[in-house]
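Colleague: Residue numbers (UniProt numbering), protein chains in the order written: chain A, 1 to 475; chain B, 1 to 475; chain C, 1 to 475; chain D, 1 to 475.
The set of hints was computed from the structure by calculation and includes no laboratory data.
Keep in mind that the hints are not guaranteed to be accurate.
No copy labels: a pair is met if it fits in one copy or bridges any two.
Unchecked claim - Here are the simulated lysine-lysine pairs, DSBU-like style, with alpha carbons at most 35 Å apart:
(1) 303 <-> 134
(2) 303 <-> 219
(3) 468 <-> 394
(4) 160 <-> 126
(5) 298 <-> 342
(6) 160 <-> 468
(7) 303 <-> 394
(8) 298 <-> 394
Keep in mind the model is a prediction, meaning the values are calculated, not measured.
There are 4 protein chains.
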Amino acid sequence: MESTSNSGFLERTLSHLRLAWRDVTDNRTTLEQLNLSATLSSDDEVILREWIDHCLADKGGEVAARARAATLGKSYLELNPTGQQRFLSILALHYDTNAADVEQHIALWQASSDDNRAEAARQLRKVLEPPRTKLLTLFNELPEGIKFLVDMRAQILTLKNQHPELKPLEADLKRLLISWFDIGLLQLEQINWNSSAELLEKLIAYEAVHAIKSWDDLKNRLDSDRRCFAFFHPNMPNEPLIFVEVALVKGLSDNVQTLLDEAAPVGDINHADTAIFYSISNAQRGLAGISFGNFLIKRVVTKLQHDFPHVKQFATLSPIPGLMRWIHQQSPTELEQLPGGKILLSKGLLSQAPLSQTQPPHTQLQPLTLTLAQRDDSYLRAELSKLAAYYLAKAERAGGTTADSVTHFHLSNGAQIAQLNWMADTSNNGLSQSAGFMVNYLYDLPHIEERSQAYSSEGIRHLSASIKTLLNHKP
Amino acid sequence: MESTSNSGFLERTLSHLRLAWRDVTDNRTTLEQLNLSATLSSDDEVILREWIDHCLADKGGEVAARARAATLGKSYLELNPTGQQRFLSILALHYDTNAADVEQHIALWQASSDDNRAEAARQLRKVLEPPRTKLLTLFNELPEGIKFLVDMRAQILTLKNQHPELKPLEADLKRLLISWFDIGLLQLEQINWNSSAELLEKLIAYEAVHAIKSWDDLKNRLDSDRRCFAFFHPNMPNEPLIFVEVALVKGLSDNVQTLLDEAAPVGDINHADTAIFYSISNAQRGLAGISFGNFLIKRVVTKLQHDFPHVKQFATLSPIPGLMRWIHQQSPTELEQLPGGKILLSKGLLSQAPLSQTQPPHTQLQPLTLTLAQRDDSYLRAELSKLAAYYLAKAERAGGTTADSVTHFHLSNGAQIAQLNWMADTSNNGLSQSAGFMVNYLYDLPHIEERSQAYSSEGIRHLSASIKTLLNHKP
Amino acid sequence: MESTSNSGFLERTLSHLRLAWRDVTDNRTTLEQLNLSATLSSDDEVILREWIDHCLADKGGEVAARARAATLGKSYLELNPTGQQRFLSILALHYDTNAADVEQHIALWQASSDDNRAEAARQLRKVLEPPRTKLLTLFNELPEGIKFLVDMRAQILTLKNQHPELKPLEADLKRLLISWFDIGLLQLEQINWNSSAELLEKLIAYEAVHAIKSWDDLKNRLDSDRRCFAFFHPNMPNEPLIFVEVALVKGLSDNVQTLLDEAAPVGDINHADTAIFYSISNAQRGLAGISFGNFLIKRVVTKLQHDFPHVKQFATLSPIPGLMRWIHQQSPTELEQLPGGKILLSKGLLSQAPLSQTQPPHTQLQPLTLTLAQRDDSYLRAELSKLAAYYLAKAERAGGTTADSVTHFHLSNGAQIAQLNWMADTSNNGLSQSAGFMVNYLYDLPHIEERSQAYSSEGIRHLSASIKTLLNHKP
Amino acid sequence: MESTSNSGFLERTLSHLRLAWRDVTDNRTTLEQLNLSATLSSDDEVILREWIDHCLADKGGEVAARARAATLGKSYLELNPTGQQRFLSILALHYDTNAADVEQHIALWQASSDDNRAEAARQLRKVLEPPRTKLLTLFNELPEGIKFLVDMRAQILTLKNQHPELKPLEADLKRLLISWFDIGLLQLEQINWNSSAELLEKLIAYEAVHAIKSWDDLKNRLDSDRRCFAFFHPNMPNEPLIFVEVALVKGLSDNVQTLLDEAAPVGDINHADTAIFYSISNAQRGLAGISFGNFLIKRVVTKLQHDFPHVKQFATLSPIPGLMRWIHQQSPTELEQLPGGKILLSKGLLSQAPLSQTQPPHTQLQPLTLTLAQRDDSYLRAELSKLAAYYLAKAERAGGTTADSVTHFHLSNGAQIAQLNWMADTSNNGLSQSAGFMVNYLYDLPHIEERSQAYSSEGIRHLSASIKTLLNHKP
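Only chain A is shown next, with the shape it has when bound in the complex (with noise of 0.2 Å):
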């Protein structure tokens, strides 16, 4: 149910950067200036490195500093694709740990007296710190210097596959992001058609799990029956760093094509029960890894409690995303086995071309294709059920947690396996993910706590009798 999306808004926020950045820096003319060339050539590294060294050695205080690192910063986003991943490279190899420090104050620590053995515990510390996290904690200041970050660490996620050197750096910048996006730090903030229109085109390229295919779908979505949160770091406004989208209903939600449909009557919130969450999208492809989804679900839910005090049910509407790609890692001895596994192969609804070990799987999944015949056919129905609650229940990857990420992801937060439903997300996406499939993860307060503990100790999933019900069949 978490995703992150590949905007292709990167782009755009760096000429905004650029064009912020320009006027810092112009108005700093007492700095000499850094011109770079595009692809950064090897002279230009000598210089770069030369500023850097500047950067670092702390002469004229720390507001000096932090002009140089704007400046700094602004050649960055000049530099084309080539020279970025360049200078990348220079912070990784040049700005590491020195080995020789280290050595030195270890040896200090082991000699340490029970009295300073917690200072040279200190200094070792320190001197463990590469040079490079100060480069990076100067760009704090700038104006969305903290965007640039992000959006640096992004750019090192993509690259760092070809370029191995670059780990530690995007270690580095993970560290110092995940202090700075403490959850103390973030804000929760309602999202609705009084936002602004800066913001919510924000959230249409930032959907991940259903498109927003235009501003009357993003309205309908933000209709007097619906909410929208999201968290907010407060040095980047405007910004959401993951959204979630609810639906007030009457009962559970058992399809999302009713929830996006845009005609569809407006829900009277005065006769809501329930409360779906259809929609988690993380918005910033530089956080990935730094999870805020269990605080934002805790806080909405939180806040609905309070606003609708005749909502008693919070669940969610989630897709499988990765049950199509187990499927077709089965063999077709082990599907046999499994509980409605015969079917899939009967009725030649698998392709069985075993899957490429270089391709991502998902590209090479063809949409399960379904007459609307089949779609309505209840004995293909009821196996298929059969299979994934199988998948949601039992599978399990190497590390013996719940096969499915979104799973995995609810049941860490005390969720429950509640409801599944048949032809709930007929996009394509819907149909070569999941079947067809959503799920309802239910979070029922009072056991929240207790699930989550026996998850996460024990490996426990909570099942609704539904679930348990398609469980007890043999295959």
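Once you have looked at the hints, place chains B, C and D on chain A.
Modeller: Same frame as chain A, now just chains B, C and D:
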């Protein structure tokens, strides 16, 4: 010029936090309660340590961990001073870095190849981090959690001389606060008579240079010919971190009484050519040693330049808080050799009693009591001015920096020592610490950068012609 | 309970307006200047009338006309009191309705057919409108122009007894203000300690029932167990029109000293069941006779009901400002016939000096001085209570309404006379006007509408059982 | 240049009002309900009139009266168009001025002495006021009550030709709205991409000069080199009353296609020297005839001067919406006598069909269809320009004002007719109404005042040298 208020505000803040957290924890009814005796008995110490272990154990996810931290924080606030000190000592002594882990990771780092050295360094850095810093981080999400940690550090700073075991804890906390109070996260905001009473009463409490005597005194300082700016942290709204009071005037102000005179007519800012920074106060004792002053001055100068293009001169009107103490520390023989020194001796202006080593010097100083006739004595004025100019321009501390911390602060920021003003502050503090003198430090914008560097790297103090003239006299 | 502050604020406001308009008029350099002598000499009267004619002539469009009005308004503000009175008298005498025009349009109306009668009526209405109202309207666009007109009316109200020619001008102004201060344009806003100091200092100045003695007194009235609400006009931000102070308590408050006691502990609003309206002040003397109080009470009750569902009882704690005056106006013979009247005579509590006809009665009243023993005298208390109950429940003015204006206000709004409280306000004002009594008027929501109508149309005063009991005694 | 949108928004607004008022009236449960048939049957007419009488009778105070008005307003909104027209006609016919009362007060006025003449005039004015205006005023307090009245007037404007009995009602409503929409109550606000989507979609709906085709088109008009300003009323937030779109450019813009080209690069406002007002739209049809346009232009010019000191030239780029209609109204003989007229005849550019008297002329006009070759024909361009210049500079309406309403608007405001631009608007509207021409009206600030007066009082149209040159040709 930068001073820190030792506000009696802390107690009220704590009671406020207690209230805020009561709500938080009351809502989290699924969590067991933590009931500790006010003095934290030895039995309770065991319970407390179990609770802390629980917080750190990471069962049930980060959300649950933060809920437990809220309960812990609330319990802390309900302890009496003895109990709180014991609580802190437990954190300091029992949640320190594990030496065996460190040894193990040192070995791993030393054995690491180039490829995995960065990762080994990261791991080593991680085990060097004491477990308590994780706990401190958990407080962050709570309402007013950051203020809680700031006030906790203020408390430790008070306790650490008598409880040296708290020093490493204080250092950890400082490091965390440095990261969370990175200048990039702070907002510069103007404060005026239109600001909230809640905020303004804090200015009254926190002003540390020239005490604010009443709401009328405050209103005068926020009148149309004045400006007041402060840095704020997004998680501590209504809590200034540092603030500066500025008067927009014609020519250099040479007397603070005039600036603070409530009966004086309001100036016409359209004719102002000079901005006088006449008071800078650090408002949070718990942020001692985390410097924002230089950023504040530069941001305010930039803002004023933009808003008042006709203001061309930026200067302070600052005390010389170390002058009298320094004079007392000179022996009569030394004084004789200093410009203007003889007069102090000959006129019997100084008590000869040697300073006690156990009490802070300023508590032993008698105000420099000058009769009104003496204040008008031009010979006395001339001689004392030479001595004060010598102190500003020549006197040194052990490390080679200026003797006076205010002088050091402004020279570090690139200011010039511009003008010495006789009887510019005749308050008790003004006479007993600064001999009634005040100094204008001039921020001459095109030269700030170079002067800051010249002082930082070579100790060069930039002096105006008038100060140089005062120095060009034999003793 | 509704009182009007005779604030010394007017002068400060005027100087503020003078400043605001200087800027406006200085920028309109193409307009000639209007320079009048401070006392408005007869020569200047001619110039002034030319200028006003110019404003009304409508050359160059409405924008130019309003610019000229700004100059005029500024000139008015720079006149001394004599000059201002002359200015107003010129408006009153020379810019009145033109009788000949009226005669002519009367004839046209009388001659009109059904088809054009509405238009003829419109035209007649138009010529009945004095030209000065157009001029007054022009001030409206100016910054703080509405406040200017409100203060101008305050001034005329003060002058009109001595300058009866101003009465029609006052009536015109009132009519305009009624239209601009239509309840539909007003905003209800909560005021608390987080409000701006600029606003809060106006509460201090404008509070007319129980004077606010200091910022600490004010803070106590804005504490967490209190609420304060005011109406604002969009063109007079930071200027409350009327405000009410409410205490959230358990049970009916019977004593205002307790409510105003700064040392009393803060109540827990979660246990409050009653909202006590203990002070309502009209803040703008220039809006006298334009009533918002009834709207204010109903809006505040609605808001409190929403915010505090457990608050079930809404009542005032009000003075009886006319009680002592009324008692003094009774002859001894009349008093003898009234319940509780004898005691006043027998105990010699009343001075027998007849009231002077030329001075306002309340200035002649001595505070009802009761010894502490008398305050505890239960017989005295019982008898005086009967008399006060009689005054509230039976005494009438000429027109048949209640003798007391506060009683009239609350009965008109649909309240019940619920409880009489002995020694509930022992301040000087409390004793001299209300004999120390205060009354709770109860707003019993389901019955407000019917009681308001019963009082308005039939004069029925709704009484509680306890008040009825007090009345059920022979004198 | 000022146009009014005939928005399909009205219906949606009504449904919104219906919702808002349902809440209001549902809460006022003590009031009886008013249930009317959708077409307002004759029986219901009786009920309705009783209800209105009730509202006006003033029983139970103004608060109750407004509550009854809310019920009434809600009932009105639930009527169908026929019912609504009947409702309005009842208001017009039965709640008119009472002639007998007027007669009586005429007699009183005529009999009045000097002393009480003002009061008699006031009373007469009062009885001339139809009772329905009191009713209309009551709607004011309701949420969105002002919008309700504005939309009601829009409806009457549509109905009044067929239902002439509504004209006096329309006149009453206009008078009330003039008072409530006094310029002094309006706020000038900037609109940009950061404004709310709710507001921005109204720009799309209301833009009346150059239709906004999409959100992308809108975004282009709000880019960094553009400005958009609107007036708002405090009781109609998110509802612009009138708005203007401005481009900051270098030199006079001579083509609106260029300005609206989404693919064109964003201009650098630091180099702009000219502000081009290229679209002004009145957004509220119900405010027709209540003029804000002149205030808007002057306020925006003042604001832009302040924000962009380097912008020295303020001009419009305006259509000539009456040009083609005027040409068609000339007979061939007349045309022959006009500069450039012959060419239209000789090239057969004009259809000779006489205009129908019963249909609005512009619906009968064929777009001026010029081949691309003709558009480039410099002789044709020269001749048509003469004709257009003649139209702007010489053609008159009956009253002596300029033939074109846009020309009249800008000359009244003090502008100069500065430049005529060929093929500056080749949209359908542009060609069919303005023959593809657009005009720059120049606001030369030091001369605005005098030019406005010269035009208003003497009809003088100020022309640039280039326009004069076009006129200096014989036909």
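Colleague: All the hints need checking, so say for each whether the structure fits it.
Modeller: Structure-based check of each hint:
Only between protomers do residue 303 and residue 134 lie at most 35 Å apart by alpha-carbon distance; the minimum there is 27 Å, versus 39 Å within a single protomer. In this homomeric assembly, residue 303 and residue 219 come within 35 Å of each other (Cα to Cα) both inside a single copy, at 22 Å, and across copies, at 31 Å. Taking CA atoms no more than 35 Å apart as the test, residue 468 paired with residue 394 passes inside one copy only; the shortest distance there is 11 Å, against 77 Å between copies. In this assembly of identical chains, residue 160 and residue 126 lie within 35 Å of each other by CA distance both inside one copy and across copies; the values are 26 Å within and 23 Å between.
Taking CA atoms no more than 35 Å apart as the test, residue 298 paired with residue 342 passes in neither setting, with 40 Å inside one copy and 71 Å between copies. With identical chains, the CA atoms of residue 160 and residue 468 are never at most 35 Å apart, being 43 Å at best within one copy and 59 Å at best between copies. Within a single copy, residue 303 and residue 394 get their C-alpha atoms as close as 33 Å, which meets the 35 Å cut-off; across copies the closest is 53 Å, which misses it. Taking CA atoms no more than 35 Å apart as the test, residue 298 paired with residue 394 passes inside one copy only; the shortest distance there is 26 Å, against 61 Å between copies.
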